[in-house]
Amino acid sequence: MTDLEQRCADAGLKMTGQRRVILKVLGEAEDHPSVEDVYGRAKNMDSSISIATVYRTLSLLDELDLVTRHEFQEGYSRYEVNTDHHHHLVDVDTGKVVEFQSDELEKLKEEIAKKLGYELVDHRLELYGKKLKNNK
Amino acid sequence: MTCNIPVQNNVKTPDDCKCYKAVMRTYQEMVDAGEPEVIALEAAKIVYGYHHPEDSALGKALTVERWTSEERLH
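For the protein sequence lines, the chains are A and B, in the order given.
Counted the way my numbering counts, the first sequence spans residues 1 to 136.
Counted the way my numbering counts, the second sequence spans residues 1001 to 1074.
I should point out that these hints are in silico values taken from the structure, not numbers from a laboratory.
Note that this is a predicted model, so its numbers are computed, not measured.
Check each hint, because a few of them may be wrong.
When the alpha-carbon atoms are kept at most 20 Å apart in a straight line, the in silico SDA-like pairs for lysine to any residue are as follows [stated by the list, open to error]:
| id | chain 1 | residue 1 | chain 2 | residue 2 |
| --- | --- | --- | --- | --- |
| 1 | A | Lys109 | A | Lys96 |
| 2 | A | Lys24 | B | Glu1042 |
| 3 | A | Lys130 | B | Gly1049 |
| 4 | B | Lys1060 | A | Gly129 |
| 5 | A | Lys24 | A | Leu64 |
| 6 | A | Lys96 | B | Glu1037 |
| 7 | B | Lys1021 | A | Tyr128 |
| 8 | B | Lys1060 | B | Glu1042 |
| 9 | A | Lys96 | B | Gly1049 |
| 10 | A | Lys130 | B | Glu1042 |
| 11 | A | Lys131 | B | Gly1034 |
| 12 | B | Lys1018 | A | Gly129 |
| 13 | A | Lys96 | A | Arg124 |
Based on the sequences and whatever the hints tell you, model everything.
Have a look at this one:
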């Protein structure tokens, strides 16, 4: 079960085969797909899926706050899976990837953008380090 | 910090390179964390570059992309 499927199950959403396909499409999306995009991609995996099923599923996920609906002034909505915001620290000696969250860092990023006269809309940050010798 | 291993066609041989495991683990864990392929590759290249600062940018890219593509094909 994927993380998104687990979160849907935790939220009480019954997991059908077609919903599983739609969740897979959303989970793999690297863009903000529209309903039509989701429908097209899901249809490639399961030809029995209807656009009505896609609409209903996306509405349910939106109600459960598992996806965010974006309005990009295009006349239709685009969807994005809600994930916990976090960053990665990579141990250069072992390749281990450690997830972390930092409120201070989030504030700092906002402040930097603001000082430069921008509203922050997205960012990417990875840290790379070596474990300190006295830290087991 | 270099592995000092033979290079063929600008690509280091994984069996001889002690940083291979770290590079591949970085790539795999970034993919498992849901990061896009291109970001996982970039992270793997940075880890590789730490161990092989002597390599050119092209050499780093060729080696890491060869290693990860071989892993994907298996």
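Here is what the structure says about each hint:
no. : hint                       : verdict
1   : Lys109(A) with Lys96(A)    : 25 Å, violated
2   : Lys24(A) with Glu1042(B)   : 25 Å, violated
3   : Lys130(A) with Gly1049(B)  : 14 Å, holds
4   : Lys1060(B) with Gly129(A)  : 19 Å, holds
5   : Lys24(A) with Leu64(A)     : 17 Å, holds
6   : Lys96(A) with Glu1037(B)   : 17 Å, holds
7   : Lys1021(B) with Tyr128(A)  : 16 Å, holds
8   : Lys1060(B) with Glu1042(B) : 10 Å, holds
9   : Lys96(A) with Gly1049(B)   : 16 Å, holds
10  : Lys130(A) with Glu1042(B)  : 18 Å, holds
11  : Lys131(A) with Gly1034(B)  : 24 Å, violated
12  : Lys1018(B) with Gly129(A)  : 18 Å, holds
13  : Lys96(A) with Arg124(A)    : 19 Å, holds
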